[in-house]
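Once you have looked at the hints, place chain R on chain D.
Number of protein chains: 2
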Amino acid sequence: MKAQEYTVVGTRPIRHDGADKVTGRALYGADFQMAGLLHGHILRSPHAHARIRRIDTTKAEKLPGVKAVLTAADFPQAPDRLVDLGEGDTPLSYARGNVLASGKVLYRGHAVAAVAATSAHIAEEAAGLIEVDYEVLPCALTAPEAMREGAPVIHEDLKTKEFGESTGRVSNVAEHFRHVMGDIEAGFAEAEVVVEREFHTATVHQGYIEPHNATALWNTDGRILIWCSTQGSFVVRDVTACLLDVPVSRVRVTPMEIGGGFGGKIPVYLEPVAALLSKKTGHPVKILMSRKDVFEGTGPTPGSYIKVKIGARKDGHITAAQAYLAYEAGAYPGSMVAPGAMCVFAAYDVANVMIDGFDVVVNKPSTAAYRAPGATNAAFATETVVDEIAEKLGIDPLDLRLKNAAKEGTRRADGPKYRRIGCVEVIEAMKKHPHYAAPLGGLNRGRGVAVGFWFNVGLPSSCTVSVNADGTVNLVEGSTDIGGTRTSVAMQAAEVLGIPAEDVRPTVVDTDSVGFTAVTGGSRVTFATGWAAYEAAQDVMRQLKERVAKLWETDAASVTTDHGVFQSGDKSITFQDLAAKLDQTGGPVVGNGAVNPRGVGGSFSGNIVDVEVDPETGKVTILRFTAVQDAGKAIHPSYVEGQMQGGSAQGIGWALNEEYYMNRDGAMMNSSLLDYRMPTALDLPMIDTVIVEVPNPGHPFGARGVGEANIIPPPGAIANAIHRAVGVRMRRLPMNPPAVMEAIWSQRD
Amino acid sequence: MKAQEYTVVGTRPIRHDGADKVTGRALYGADFQMAGLLHGHILRSPHAHARIRRIDTTKAEKLPGVKAVLTAADFPQAPDRLVDLGEGDTPLSYARGNVLASGKVLYRGHAVAAVAATSAHIAEEAAGLIEVDYEVLPCALTAPEAMREGAPVIHEDLKTKEFGESTGRVSNVAEHFRHVMGDIEAGFAEAEVVVEREFHTATVHQGYIEPHNATALWNTDGRILIWCSTQGSFVVRDVTACLLDVPVSRVRVTPMEIGGGFGGKIPVYLEPVAALLSKKTGHPVKILMSRKDVFEGTGPTPGSYIKVKIGARKDGHITAAQAYLAYEAGAYPGSMVAPGAMCVFAAYDVANVMIDGFDVVVNKPSTAAYRAPGATNAAFATETVVDEIAEKLGIDPLDLRLKNAAKEGTRRADGPKYRRIGCVEVIEAMKKHPHYAAPLGGLNRGRGVAVGFWFNVGLPSSCTVSVNADGTVNLVEGSTDIGGTRTSVAMQAAEVLGIPAEDVRPTVVDTDSVGFTAVTGGSRVTFATGWAAYEAAQDVMRQLKERVAKLWETDAASVTTDHGVFQSGDKSITFQDLAAKLDQTGGPVVGNGAVNPRGVGGSFSGNIVDVEVDPETGKVTILRFTAVQDAGKAIHPSYVEGQMQGGSAQGIGWALNEEYYMNRDGAMMNSSLLDYRMPTALDLPMIDTVIVEVPNPGHPFGARGVGEANIIPPPGAIANAIHRAVGVRMRRLPMNPPAVMEAIWSQRD
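Quick note, the sequences are listed as chains D and R, same order.
The opening position of the first sequence corresponds to residue 1 in the working numbering, with each subsequent residue numbered one higher.
The opening position of the second sequence corresponds to residue 1 in the working numbering, with each subsequent residue numbered one higher.
Worth flagging that the hints you see were computed from the coordinates, not collected in a lab.
Since the model is a prediction, treat every value here as computed from it, not as a measurement.
It is possible that part of the hints are untrue.
Here are the simulated DMTMM-like cross-link-like pairs (lysine to aspartate or glutamate), alpha carbons at most 25 angstroms apart as the crow flies [to be verified]:
{"#": "1", "chain 1": "D", "residue 1": "LYS571", "chain 2": "D", "residue 2": "GLU5"}
{"#": "2", "chain 1": "D", "residue 1": "LYS545", "chain 2": "D", "residue 2": "ASP510"}
{"#": "3", "chain 1": "R", "residue 1": "LYS581", "chain 2": "D", "residue 2": "ASP84"}
{"#": "4", "chain 1": "R", "residue 1": "LYS21", "chain 2": "D", "residue 2": "ASP221"}
{"#": "5", "chain 1": "D", "residue 1": "LYS550", "chain 2": "R", "residue 2": "ASP539"}
{"#": "6", "chain 1": "D", "residue 1": "LYS279", "chain 2": "R", "residue 2": "ASP89"}
{"#": "7", "chain 1": "R", "residue 1": "LYS309", "chain 2": "R", "residue 2": "GLU190"}
{"#": "8", "chain 1": "D", "residue 1": "LYS21", "chain 2": "R", "residue 2": "ASP510"}
{"#": "9", "chain 1": "R", "residue 1": "LYS407", "chain 2": "R", "residue 2": "GLU190"}
{"#": "10", "chain 1": "R", "residue 1": "LYS21", "chain 2": "D", "residue 2": "GLU5"}
{"#": "11", "chain 1": "R", "residue 1": "LYS159", "chain 2": "R", "residue 2": "ASP84"}
{"#": "12", "chain 1": "D", "residue 1": "LYS581", "chain 2": "R", "residue 2": "ASP74"}
{"#": "13", "chain 1": "D", "residue 1": "LYS279", "chain 2": "R", "residue 2": "GLU502"}
{"#": "14", "chain 1": "R", "residue 1": "LYS279", "chain 2": "D", "residue 2": "ASP17"}
{"#": "15", "chain 1": "R", "residue 1": "LYS550", "chain 2": "D", "residue 2": "ASP84"}
{"#": "16", "chain 1": "R", "residue 1": "LYS581", "chain 2": "D", "residue 2": "ASP80"}
{"#": "17", "chain 1": "D", "residue 1": "LYS279", "chain 2": "R", "residue 2": "GLU257"}
{"#": "18", "chain 1": "R", "residue 1": "LYS545", "chain 2": "D", "residue 2": "ASP570"}
{"#": "19", "chain 1": "D", "residue 1": "LYS279", "chain 2": "R", "residue 2": "ASP470"}
{"#": "20", "chain 1": "R", "residue 1": "LYS403", "chain 2": "R", "residue 2": "GLU391"}
{"#": "21", "chain 1": "R", "residue 1": "LYS581", "chain 2": "D", "residue 2": "ASP245"}
{"#": "22", "chain 1": "R", "residue 1": "LYS59", "chain 2": "R", "residue 2": "ASP80"}
{"#": "23", "chain 1": "D", "residue 1": "LYS279", "chain 2": "R", "residue 2": "ASP31"}
{"#": "24", "chain 1": "D", "residue 1": "LYS581", "chain 2": "R", "residue 2": "ASP245"}
{"#": "25", "chain 1": "D", "residue 1": "LYS62", "chain 2": "D", "residue 2": "GLU124"}
{"#": "26", "chain 1": "R", "residue 1": "LYS619", "chain 2": "R", "residue 2": "ASP675"}
{"#": "27", "chain 1": "D", "residue 1": "LYS581", "chain 2": "R", "residue 2": "ASP89"}
{"#": "28", "chain 1": "R", "residue 1": "LYS417", "chain 2": "D", "residue 2": "ASP583"}
{"#": "29", "chain 1": "R", "residue 1": "LYS279", "chain 2": "D", "residue 2": "ASP470"}
{"#": "30", "chain 1": "R", "residue 1": "LYS550", "chain 2": "D", "residue 2": "ASP539"}
{"#": "31", "chain 1": "D", "residue 1": "LYS403", "chain 2": "D", "residue 2": "GLU388"}
{"#": "32", "chain 1": "R", "residue 1": "LYS581", "chain 2": "D", "residue 2": "ASP510"}
{"#": "33", "chain 1": "D", "residue 1": "LYS280", "chain 2": "R", "residue 2": "ASP20"}
{"#": "34", "chain 1": "R", "residue 1": "LYS279", "chain 2": "R", "residue 2": "GLU502"}
Simulated restraints on C-beta separations [stated by the list, open to error]:
{"#": "35", "chain 1": "R", "residue 1": "GLU742", "chain 2": "D", "residue 2": "LEU37", "range": "54 to 62 angstroms"}
{"#": "36", "chain 1": "R", "residue 1": "ALA73", "chain 2": "D", "residue 2": "PRO500", "range": "28 to 36 angstroms"}
{"#": "37", "chain 1": "D", "residue 1": "ALA557", "chain 2": "R", "residue 2": "ILE14", "range": "41 to 49 angstroms"}
{"#": "38", "chain 1": "R", "residue 1": "ILE209", "chain 2": "D", "residue 2": "ASP84", "range": "41 to 49 angstroms"}
For every residue, glycine included, the Cβ atom is placed at its ideal position computed from N, Cα and C.
Here chain D stands alone, though its shape is the one from the complex (with noise of 0.2 angstroms):
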């Protein structure tokens, strides 16, 4: 199809869920009610490491009420192995250990036993009667901390990974990994400047509003029915069957309308343990989070130490670039430094790389996903290294990045070779923005840039179309809808079938009622079930050529369309009124689309930011804010700003406010949504945006994923603004009042 063709593809309709969405019908996991409920309770362990030495239940069963109480030996012990959680292989006893622990208790919020009850409140009280016994152990609770010597070590079976081989050596570092390009020394030789910094960044929270949840029948017949807020239905699916010790089709899961995710609701707390309560006591049992809970006992984004260090020549050209990554795990490996890794100098073109990836295990929650895992925290560093160059060398940051953009051909240390991608003409959009041009006016302010990329995913989607008599379609996916899915793929199905996308009925349905598809993540919903959906509809349209060579007695592929109207000959018949005759021409038309695709793009965003500094109290306030992102095509471009406005949002909260708090026992201090300050409507500027198109060749309509690139540029952008603004160099997140306060008061000195 080309572009000018479209007619739904490029256009904003309404989305199929806002009126459920707006007046509070829409049914969340939480909602979910069922006869003979209980309720499920977590105890979680107060100590940030320790070890159990003995869990007594006897007084939490005997309190009137309570139905069950579980500890991780009642878990099934299958034998070890790796297991696909929805990100990648895992060792079972690590995800069955964050599920409910076992032997030692690795962060504090850590679960050790949950109850059941016939209400909430019985089941909290009698949590509180689980007596556990602990031998509370020194814990390290940063990355550069427990890969010191002698620090407490966190898995005593934990040997150290090193360039794909195991050492031996037991130690808190999971892995150690390398990618290198060219010659690194020759290229930093060849520089004439070379900045080199260390970074932190801190521990942060995806923030989503709705807590986890999660209820579960596990039924007289051997099945386990669960109803919950996941990224991923099939993910829950297939990992509780794991953890249970049953095949995947004896589970089935009923995805409810999500609150949010960013990627922390891909990880699997609740579904396992309400399922095994319910099968101790014969009813459904439910359990909910408090926020407490979520921020305690659920995936955050790594705190990480970065150290980036480029050279440049003094046209410009960088020459050079290496990065020692050290990125917390959280309790158990599989920190977010691999896609870190692949992204901290992806949008440069560069012969010269070398990049040291540490995954180190630390006192804290196992860490999960959130937007673009892993690469935020290393644009940070990349992005503030090179404003440092451009300065140190009098060139404009953007013509700096313009000269060293990565475009198609460049390879990446990782590997990849990059097809079209849209890096140059996002540099290109933020050059020749008015926002770029205009003057800041009064003082204390700056004005910084930043670009960042996210590589995005493909993996399986399934979607059926099938037609209604009065010309509408009913479309049925797997896709979890966080952010609007639900619209952006009916319209790659309305555009194939040539009918208006409010005639394309949307569902996502249970992991029994449709095809495998694979978790809502990686940016991969709009362009790997769009593409199912495109398949779906051009099932459809093969079958209803066929129709109409029936009707008309003639040959199928005489047969052409256009705009949702069939030809042949001089005869035509719309999408509508043949719809009508499917049951006088062989009965109903429904149409598959299954895909694994793999010509995912990945997408470049770049922020134009001007802040104010107070130099009094250290506080930045954020005056102007424009994001520019390449959207491939721009399926649904209301839904592109929006992605693009939420992830600057969630980026400047990185910057400025977020971070978890914590004592030196690895203890929360700012454990609520009061405390743990992200920003808030009234804190941000309106923030612009600007949609770049450069289709992803591989895809039908050139769609890009849109929903993570957006978070990566805040931090360095601001930093950068900050220096402008008031000289300093902010190397450290978040850059909150106190740290901006402390680094003009250094400067002083």
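Just chain R now, kept in the frame of chain D:
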């Protein structure tokens, strides 16, 4: 596929829905709950025929807790047109009028107004406060009464259609049609014995255990969401859309489990009313019927007046058969006289036939389908007349039937010529059954036989099958499962896939989530939806062969399959192992089947029944009962046997007990299950079953529908047995003790 190759079809796996049904987990319509739910109540007419002068809802509206009151005036008044209500076309005005009466009430129990309130009790109380000013009119309660000169006219605008043309005459006869074959007069002239008899059959209810129910939410986005128990979720969708004058895609129907239907849960009563109440109130509204509502306000099967005349030569050859069928339509045209006329002589190969059918409106609830609708009435007449001829000629009644039995090539008077059928095989199986030769023993005992025919239907069905990584598959279907069709449909997919039935996970989903699927009725689900499952599974196998070809780098055409093992050259892989490799070979595999099959095959059934009649009380006790039926290929023999036993039990109810016992004003006097006497397990002997298998050439596995033919023979067989026991010919249903005593007394006179 050859029969001997079947590994799943013909076996007896445990039903997929068994655990939920026996443990009470299964959710029926009345179980549905939702936040903010209001409760509806329907005000029903106390008169069988009356003009509505005025409805005053003022007092009802003022009752605290009442949120809305509705009358027929609240329905959109779209111009009249023919609409498909799931069983053929009906004027919209009739469909609307039966849901809420407008102008006149036409039967006692006719819905007049509806209330929504915060509790069911308040709603009921409010309904009592609605003041309706009726002008009571004389009523006509039976077909002969309504056809009489000067009978009360029920529809002032109903012009009798005769032989397909409007006569312009207003009467209670909606239609008079005639089927003619051969020369009826010549046929009777050729006959050496002629028997002509008159019959009356009572109005009988399907007696499903679960009353009708509906919950509807008219959402703020204009979508109407419905949860209900129904035989056809798409029927409810389409009829509700029609009555509310919205496109079908605006309505989503979620079928809950259904506690029996037998044809009576095809019509739509509550859903449009609940939807309008929801629109008025902004809340979801649930309406439940009481048993009295079910009896008085929903469609029973027609009472009928029938005359049958049959002539035969002395050798038993039937030369002519004539029938006059006057069936009660109830309040609106559309009795089951058309199928009655199709079936009345369908078991016999007769050259000269004339059948007159009369569709007569009366002041009773609008009749509905009930298991082989119309055929049981007709067969009662034919089978007793045939028995009398056999008796007169001194021929064994099965020999007489065998001599005249319909076979491949026999043409029915209504047109169709039989393909391969099993009438002869059924009668032969009866003849050679030990029961037929067993000594009766005792006084006042007799043995009767009778046969029956039902044509079954096809209609569109859709299925989707998706493959799980553990080698099981999920099957999505739109056929609500009344009698265990999840399993009989799943088995057909399993057979194609070469996996056990238990490895297919069937789910009945809402109308948004599956292709169009017609009503669960006409014994069509195992036949047509089973066929759709067969096609979907074939589609899966096609795709899996391509995956195998990809794995082995060979040609898909070279891949063969045998019992779930794929082979090419010397390589082989099981379905299970292949299922685990889908992601790496291109993504999920989902198969579709959507069919509108034409090859439906009719089913014949026959009964041998022994009775003992108490000559003092007239009570008839069934001593022994053998049911024989041609199932084509029996997909799941236990279900076939269950259908045969269930149909027989209902046929016995028709024969011996059940009737709407009405007073002269058209009030049903026995509208509870205590007074409306259905046979219970204590009333019946074990019903022995013999499955005859004459494969249907019009189905991949040779299946015929088996749900209906089994209800047809019992009244005739029992009447014939009563005659053999005590010498009286019963020509009125039910043959309850007073009726039998009357017959005995009149014989003595």
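Okay, the hints, checked on the actual structure:
Of the supplied pair hints, the one linking LYS571 of chain D and GLU5 of chain D holds, its CA atoms being roughly 22 angstroms apart against a limit of 25 angstroms. Proposed proximity of LYS545 of chain D and ASP510 of chain D is contradicted: the alpha carbons are some 31 angstroms apart, above 25 angstroms. Of the pairs offered as hints, the one joining LYS581 of chain R and ASP84 of chain D holds, with about 14 angstroms between alpha carbons and a cut-off of 25 angstroms not exceeded. With a CA separation close to 11 angstroms, the supplied pair LYS21 of chain R and ASP221 of chain D stays within the 25 angstroms bound.
Only pairs whose Cα atoms come within 25 angstroms are accepted, and LYS550 of chain D paired with ASP539 of chain R is accepted, the gap being roughly 22 angstroms. Annotation: proposed proximity of LYS279 of chain D to ASP89 of chain R is violated, straight-line Cα distance about 50 angstroms (limit 25 angstroms). Straight-line distance between C-alpha atoms of LYS309 of chain R and GLU190 of chain R comes to about 14 angstroms, which keeps the hinted pair within the 25 angstroms bound. With a C-alpha separation of about 21 angstroms, the suggested pair LYS21 of chain D and ASP510 of chain R falls inside the 25 angstroms cut-off, and the hint holds.
For the hint pairing LYS407 of chain R with GLU190 of chain R, the CA-to-CA distance comes to about 23 angstroms; that is within 25 angstroms, so the pair holds. For the hint linking LYS21 of chain R to GLU5 of chain D, the alpha-carbon distance of about 53 angstroms lies beyond 25 angstroms, and the restraint is violated. The straight-line distance between the Cα atoms of LYS159 of chain R and ASP84 of chain R is roughly 21 angstroms, inside the 25 angstroms bound, and the hint therefore holds. Restraint check for LYS581 of chain D and ASP74 of chain R: not satisfied, since their Cα atoms lie roughly 32 angstroms apart, outside the 25 angstroms limit.
Restraint check for LYS279 of chain D and GLU502 of chain R: satisfied, since their Cα atoms lie roughly 21 angstroms apart, inside the 25 angstroms limit. A threshold of 25 angstroms between alpha carbons decides the hint, and for LYS279 of chain R with ASP17 of chain D the separation of about 19 angstroms falls inside it, so the pair holds. The hinted pair formed by LYS550 of chain R and ASP84 of chain D meets the criterion: a straight-line CA distance of about 24 angstroms does not exceed 25 angstroms. A hinted pair counts as satisfied when its Cα atoms are at most 25 angstroms apart, and LYS581 of chain R with ASP80 of chain D qualifies at roughly 22 angstroms.
The hinted pair formed by LYS279 of chain D and GLU257 of chain R meets the criterion: a straight-line CA distance of about 24 angstroms does not exceed 25 angstroms. Straight-line distance between C-alpha atoms of LYS545 of chain R and ASP570 of chain D comes to about 40 angstroms, which puts the hinted pair past the 25 angstroms bound. Taking the CA atoms of LYS279 of chain D and ASP470 of chain R, the gap is near 22 angstroms; set against the 25 angstroms cutoff, the hint holds. With a CA separation close to 15 angstroms, the supplied pair LYS403 of chain R and GLU391 of chain R stays within the 25 angstroms bound.
Between the alpha carbons of LYS581 of chain R and ASP245 of chain D the distance comes to roughly 20 angstroms, so the proposed pair stays at or under 25 angstroms and holds. Pair hint LYS59 of chain R plus ASP80 of chain R does not hold up; C-alpha atoms about 33 angstroms apart against a cutoff of 25 angstroms. Of the pairs offered as hints, the one joining LYS279 of chain D and ASP31 of chain R holds, with about 23 angstroms between alpha carbons and a cut-off of 25 angstroms not exceeded. Simply put, LYS581 of chain D and ASP245 of chain R have alpha-carbon atoms about 20 angstroms apart, close enough for the 25 angstroms limit, and the pair holds.
Under the criterion of a C-alpha separation no larger than 25 angstroms, the hint pairing LYS62 of chain D with GLU124 of chain D is consistent with the structure, at around 14 angstroms. At roughly 17 angstroms between alpha-carbon atoms, LYS619 of chain R and ASP675 of chain R fall within 25 angstroms of each other, so this suggested pair holds. Distance check on the hinted pair: LYS581 of chain D and ASP89 of chain R sit about 16 angstroms apart at the alpha-carbon level, within 25 angstroms; holds. Distance restraint check for LYS417 of chain R and ASP583 of chain D: the Cα-Cα separation of roughly 23 angstroms lies within the 25 angstroms cut-off, and the hinted pair is therefore satisfied.
Using a Cα cut-off of 25 angstroms, the hinted pair LYS279 of chain R and ASP470 of chain D holds, with the two alpha carbons roughly 22 angstroms apart. Under the criterion of a C-alpha separation no larger than 25 angstroms, the hint pairing LYS550 of chain R with ASP539 of chain D is consistent with the structure, at around 22 angstroms. A distance of roughly 16 angstroms separates the Cα atoms of LYS403 of chain D and GLU388 of chain D; the hinted pair therefore holds under the 25 angstroms criterion. At roughly 22 angstroms between alpha-carbon atoms, LYS581 of chain R and ASP510 of chain D fall within 25 angstroms of each other, so this suggested pair holds.
Of the pairs offered as hints, the one joining LYS280 of chain D and ASP20 of chain R holds, with about 18 angstroms between alpha carbons and a cut-off of 25 angstroms not exceeded. For the hint linking LYS279 of chain R to GLU502 of chain R, the alpha-carbon distance of about 43 angstroms lies beyond 25 angstroms, and the restraint is violated. Between GLU742 of chain R and LEU37 of chain D, the C-beta spacing of about 58 angstroms keeps the proposed range 54 to 62 angstroms intact. Taken as a hint, the range 28 to 36 angstroms holds for the pair ALA73 of chain R and PRO500 of chain D, whose Cβ atoms sit roughly 34 angstroms apart.
Between ALA557 of chain D and ILE14 of chain R the C-beta distance comes to about 48 angstroms, which sits within the given range of 41 to 49 angstroms. Judged by the Cβ atoms, the range 41 to 49 angstroms given for ILE209 of chain R and ASP84 of chain D holds: they are separated by roughly 46 angstroms.
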